[in-house]
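Participant: Listed below are the residues making up each chain.
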Amino acid sequence: MEVKLKVKRFDPESPEVKGRYQEYSVDMPENATVLESLIQARDYEDESLALRCSCRSSICGSCAMRINGRARLACKTQVRNLTKEGGEEIVVEPPGNMPVIKDLVVDMSSFWDKVLAVKPWLQPSGPPPEREYLVPNEAMAALTEVMNCIMCGACVSDCTVLEVDPTFLGPAALAKAWRFVGDPRDAEDLPRLRELSEASGMWDCTRCNMCVQVCPKDVKPMDQILKLRAEATHAGITGNAGSRHTIAFTEIVEHSGRLDEFRLPILTHGKLNLVGQVSDLPVALRMLRSGKMPSPFHKPIGGVKHIKRIFRRFAGKKPSEGSH
Amino acid sequence: MRYAFWPGCVSKGACPELYTSMVRVAPELGIELEELYDGNCTGAGVISEHSMETADALNARNFALAQRLGLPLINICSTCQGVQSLAQQRLRKNPQLAARVNEALADEGLQYDAEKGLEVKNFLWVLVEDLGLEKLRSMVKKPLTGLKAGPFYGCYILRPESVLGFDEHPDRDHYLEYVIEAVGATVVNYEGQDKCCGFPIMTINKKNSLSMAASHLSEAQSEGADCLVTPCPLCHLNLDAQQPDAVRYATVNGLEVPILHLPQLIGLALGIDAAELRLNRHVVSTRKVLARL
Amino acid sequence: MAVYEHDVLIIGAGLAGMRAGLAAQAEGADVAIISKVHPLRSHSAAAQGGINAALGEDDSCDTHAFDTVKGSDYLGDQDAIEILTGEAPGDIVDLERMGVTFNRREDGRLAQRPFGGAGFPRTHFVADITGQVILHVVWEQVVKAGARVYEEWYAISLIVADGTCRGVVAMELRTGQLHAVLAKAVVMATGGLGQVYHPSTNGLICTGDGIALAYRAGATLMDMEFVQFHPTTLHNGILITEGARGEGAYLLNSEGERFMNRYAPERGELAARDVVSRSEQTEIDEGRGVNGFVLLDLRHLGRERILERLPQIYELALDIANVDATQEPIPVRPGMHYFMGGIKTDVDGRCWDEDGRWQGLRGLFAAGECACVSVHGANRLGGNSLLETVVFGRRAGRAAALHAAAASASPVAVEPALAGAKEQLQNLLDRPQGSEIMAGLRRELGVLMKTHVGLFRSGDGLSQAVGGLPELKRRYEKVAVGDKGKIFNTSLIAALELGILLDLAEAIATCALSRTESRGAHSRRDFPKRDDESWLKHTLVSFSADGPKLSHLPVTMTRWQPQERAY
Numbered sequence: 159m160e161v162k163l164k165v166k167r168f169d170p171e172s173p174e175v176k177g178r179y180q181e182y183s184v185d186m187p188e189n190a191t192v193l194e195s196l197i198q199a200r201d202y203e204d205e206s207l208a209l210r211c212s213c214r215s216s217i218c219g220s221c222a223m224r225i226n227g228r229a230r231l232a233c234k235t236q237v238r239n240l241t242k243e244g245g246e247e248i249v250v251e252p253p254g255n256m257p258v259i260k261d262l263v264v265d266m267s268s269f270w271d272k273v274l275a276v277k278p279w280l281q282p283s284g285p286p287p288e289r290e291y292l293v294p295n296e297a298m299a300a301l302t303e304v305m306n307c308i309m310c311g312a313c314v315s316d317c318t319v320l321e322v323d324p325t326f327l328g329p330a331a332l333a334k335a336w337r338f339v340g341d342p343r344d345a346e347d348l349p350r351l352r353e354l355s356e357a358s359g360m361w362d363c364t365r366c367n368m369c370v371q372v373c374p375k376d377v378k379p380m381d382q383i384l385k386l387r388a389e390a391t392h393a394g395i396t397g398n399a400g401s402r403h404t405i406a407f408t409e410i411v412e413h414s415g416r417l418d419e420f421r422l423p424i425l426t427h428g429k430l431n432l433v434g435q436v437s438d439l440p441v442a443l444r445m446l447r448s449g450k451m452p453s454p455f456h457k458p459i460g461g462v463k464h465i466k467r468i469f470r471r472f473a474g475k476k477p478s479e480g481s482h
Numbered sequence: 041m042r043y044a045f046w047p048g049c050v051s052k053g054a055c056p057e058l059y060t061s062m063v064r065v066a067p068e069l070g071i072e073l074e075e076l077y078d079g080n081c082t083g084a085g086v087i088s089e090h091s092m093e094t095a096d097a098l099n100a101r102n103f104a105l106a107q108r109l110g111l112p113l114i115n116i117c118s119t120c121q122g123v124q125s126l127a128q129q130r131l132r133k134n135p136q137l138a139a140r141v142n143e144a145l146a147d148e149g150l151q152y153d154a155e156k157g158l159e160v161k162n163f164l165w166v167l168v169e170d171l172g173l174e175k176l177r178s179m180v181k182k183p184l185t186g187l188k189a190g191p192f193y194g195c196y197i198l199r200p201e202s203v204l205g206f207d208e209h210p211d212r213d214h215y216l217e218y219v220i221e222a223v224g225a226t227v228v229n230y231e232g233q234d235k236c237c238g239f240p241i242m243t244i245n246k247k248n249s250l251s252m253a254a255s256h257l258s259e260a261q262s263e264g265a266d267c268l269v270t271p272c273p274l275c276h277l278n279l280d281a282q283q284p285d286a287v288r289y290a291t292v293n294g295l296e297v298p299i300l301h302l303p304q305l306i307g308l309a310l311g312i313d314a315a316e317l318r319l320n321r322h323v324v325s326t327r328k329v330l331a332r333l
Numbered sequence: 010m011a012v013y014e015h016d017v018l019i020i021g022a023g024l025a026g027m028r029a030g031l032a033a034q035a036e037g038a039d040v041a042i043i044s045k046v047h048p049l050r051s052h053s054a055a056a057q058g059g060i061n062a063a064l065g066e067d068d069s070c071d072t073h074a075f076d077t078v079k080g081s082d083y084l085g086d087q088d089a090i091e092i093l094t095g096e097a098p099g100d101i102v103d104l105e106r107m108g109v110t111f112n113r114r115e116d117g118r119l120a121q122r123p124f125g126g127a128g129f130p131r132t133h134f135v136a137d138i139t140g141q142v143i144l145h146v147v148w149e150q151v152v153k154a155g156a157r158v159y160e161e162w163y164a165i166s167l168i169v170a171d172g173t174c175r176g177v178v179a180m181e182l183r184t185g186q187l188h189a190v191l192a193k194a195v196v197m198a199t200g201g202l203g204q205v206y207h208p209s210t211n212g213l214i215c216t217g218d219g220i221a222l223a224y225r226a227g228a229t230l231m232d233m234e235f236v237q238f239h240p241t242t243l244h245n246g247i248l249i250t251e252g253a254r255g256e257g258a259y260l261l262n263s264e265g266e267r268f269m270n271r272y273a274p275e276r277g278e279l280a281a282r283d284v285v286s287r288s289e290q291t292e293i294d295e296g297r298g299v300n301g302f303v304l305l306d307l308r309h310l311g312r313e314r315i316l317e318r319l320p321q322i323y324e325l326a327l328d329i330a331n332v333d334a335t336q337e338p339i340p341v342r343p344g345m346h347y348f349m350g351g352i353k354t355d356v357d358g359r360c361w362d363e364d365g366r367w368q369g370l371r372g373l374f375a376a377g378e379c380a381c382v383s384v385h386g387a388n389r390l391g392g393n394s395l396l397e398t399v400v401f402g403r404r405a406g407r408a409a410a411l412h413a414a415a416a417s418a419s420p421v422a423v424e425p426a427l428a429g430a431k432e433q434l435q436n437l438l439d440r441p442q443g444s445e446i447m448a449g450l451r452r453e454l455g456v457l458m459k460t461h462v463g464l465f466r467s468g469d470g471l472s473q474a475v476g477g478l479p480e481l482k483r484r485y486e487k488v489a490v491g492d493k494g495k496i497f498n499t500s501l502i503a504a505l506e507l508g509i510l511l512d513l514a515e516a517i518a519t520c521a522l523s524r525t526e527s528r529g530a531h532s533r534r535d536f537p538k539r540d541d542e543s544w545l546k547h548t549l550v551s552f553s554a555d556g557p558k559l560s561h562l563p564v565t566m567t568r569w570q571p572q573e574r575a576y
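Residue numbers (my numbering), protein chains in the order written: chain A, 159 to 482; chain B, 41 to 333; chain C, 10 to 576.
Excised from the complex, chain A in its bound form (with noise of 0.2 Å):
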């Protein structure tokens, strides 16, 4: 089978040369994976390719890298999967948000740098047990989704809020914050949510799903961020926006059955924070003129002591608790 790639190459003794691309051609067998046919091309073609890689089942996590423009594993990619008629050029290019060192060799000290934030080890407190803690096996498969991350980077590849803003601690740090949140031998839980609940932390997350969308592990880093959102919510750490937004929604939905999204953005600044009131006043203006502005007369709809009755039922829990 014909493999063509097309793959982004940047030589850092020539920098000024950008958004360089170099085509190869390479004869593959038919279940053929992305990273066989890059090291086919290296290997016979041109050894100055350069590329990180070493396991080839999709253990280490050296090969992240985009491929037809989103995060993946090479070496987990086949390339028939990608091409529908085959023969189609698969276009190769470095994961994204982080500095090119090479080719598709990218500097992931950032990457590293906002894993080491979050103190990404046992923090137990006490004397040690006379052997092993004693857990319940269901505490350790509930830890199953962010333990089988590989620290590959692809989450942080395609993260849009890091497109736009490189402060961002981002999905890999986070979902690994949330392993030691959620391991009952850790007892700094207040203390970590308490600082990941701070600026460029858990609540910057645009929820968009890109990192559960792109992970090769299925490690959901955006559901353990919720889960974070949660703990610290449930453990009253509520003195920031991300926190008020939610109570302030969750309690107009228990309240009404709908939204209200005229008292939602006051709610959300918090009533006597006039600064975040006045902030909003350009848009509510712009709202207005349009006819957009909602009502402030907000009716609950008919079955609303049904609603209520299944905030009763429900919101009780912590997602350390058991199944969130």
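For the record, the hints were derived by calculation from the structure and aren't laboratory data. A quick note: this is a predicted structure, and the numbers were derived from the prediction, not measured. Glycine included, each C-beta is placed from N, C-alpha and C at the ideal position. None of the hints are false.
To give a feel for the contact side, a few chain B residues facing chain A, derived at Cβ under 7 Å:
| # | residue |
| --- | --- |
| 1 | Cys49 |
| 2 | Glu89 |
| 3 | His90 |
| 4 | Asn248 |
| 5 | Arg321 |
Knowing the structure of chain A, use the given hints to seat chains B and C on it.
Facilitator: Using the frame of chain A, we list chains B and C on its own:
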């Protein structure tokens, strides 16, 4: 074609033009809408942050209402679609959760049959899968030739693919483009079309939210788009109502990109009057679009 | 070009290296680790099935020790094995306390699963990603301890002064710069050499760098002929864990027969790996294979158990073999997997013998797969490799720190070593582009080794290998480096690695030819029996300009005399 219809909260609040244009356009396409007047908010992914199970239960209530009518459920919001699809999957995979939810619904005389499930489709999917592009093309009275439209999907109708039926319908991430072409307009592709508009973080990190909107708007404008079309009113809010504030982060001069709701695009192609479609009720004026037609 | 100085330098940031780093730091040493990849890319992550320790109430370290001795086909040194199995429980608990998310029993205690060659279930596991999780957790501890890691630095040669190992010359991939890193004790922990074979389960980085560096610098290698072929690998060499059989999977031939019941009536699919691999190959050779494979059948385990206990291999079978393991059996065959041999060390990781019984290199320590203590002898049990990295990584790290504390800080002239490395690299870079393709030559070597120094060997085949290698080495001298850049020159690294692979292949083939018996993983058709009278000894090999020089060392036996080995 009959559907139970949950219009969502925003189409009756900050985007009333969406609701009006949908109910005006649907019958023209042969779509009968049975509105769930007693339906409730889906949670928009926000209630999931508070309690995933509460969100599941709230969505199950809407599903039960639709099942009671014996009709599939249509929505006009990418966010409603994504939240509802996820809730369905969770309820189907976890019979214990479904049972607990049904216990709560029973008090109202409602039940959601998670095993049987419910077809939940955004108007965009209905157009392509239920009505069909052939039929749509044949219904076009005023082809929108000359109009260059960029698609903007909204995250929740695209990701994660495993929740949104991509196995069965692998090109759901191209439907907007098919529809734009079917009504005679020209598609303008740009990288940001399947990314995030920034709406969920508007009140948390305004700068990032506006930067995201500005990035996609600027890109679309540079590629020559006259307008964007979106099936999500939350995206509409961030791209339209916030556009004047997003301008300061734009990478083009004179950023001005009107945003159309999907039913409005269809309505124009069906020859419906712009005022009826409330095209005069946008923050960013749609005159640019109307001038092309 | 810079010179760095530390107390203890560790080469390799896999499990053994990082565990050694933690232990050395705990003794107060200033520790640095150099690694040619980021620590989390180390091949320790690929270990799937589990880590052994006799923690079960009805289990005992003695039984674990005997199982290991028998598994080693009586070539393992029993004092080292008693240490491995005796200290195992403490090390597993340590790992758990560091945060490893081991599977648990109903009572919340650590769970164990059965594994090959084990008389009792003693393999602790995290689904089928045990190595990955342990690697990450140990890395977290290294990060917490603040140890210095020189990431993506490639070790080119050891610096030896006054007959003592004093550091390494390394190339920083990012800049292409050469640096010298000096230390009072050096711990080699560079892992295995699977890339000498094609195919192999090993990652592309597993080129045995540290073994060759030690060899060239005067350390002795031991038991180089013992290469493990894992019974269940996919067509491209990727590993399917023994844990699958531990969970109850069957091995079937083309007739649907669970053939292992014939070869190993007692243990069946869970016999020692060398026994299972040879049985499979015999089935295939005798026409009862399926397109050159046998079948690993998981279906009867049920979807839920497969996805809960073996999720990674389920994905691998799907991604690589296009097989849904809940619906069809997985085609598998023996594949090169692990290297029992390595740099000879004592039970504290020292690569020299105070009593001079074998030639070594003072100041050098080694641990993990690159070392040979020997705990695995002629064949390794599954679950004992991860164990070895932590037990002996810890011991070597501690011993290195104590050695460094007692060592005198005599100055070392680094210029000759740096100049030598610079010349070596420049020679490679200056070679004109000829017809010899590096990757092609590497592939030829891998196939040669698999064919003639593989699962079943013979005097003829081994002679062919030994005879064929000088030609490959000559052709290697003509190989040019396709990338002439300074920054991130992976082609230059590949050229250095190929030279290493050739040296190691030579040592392996020479030792294999010399051992005229079959024992454990070394199986010769011309000498099919185990010969304790002549061969109950280790093969030692050291580097010389005239080729590998062989000698022998008796096996240390404490409690168990060799018996017939049947499963």
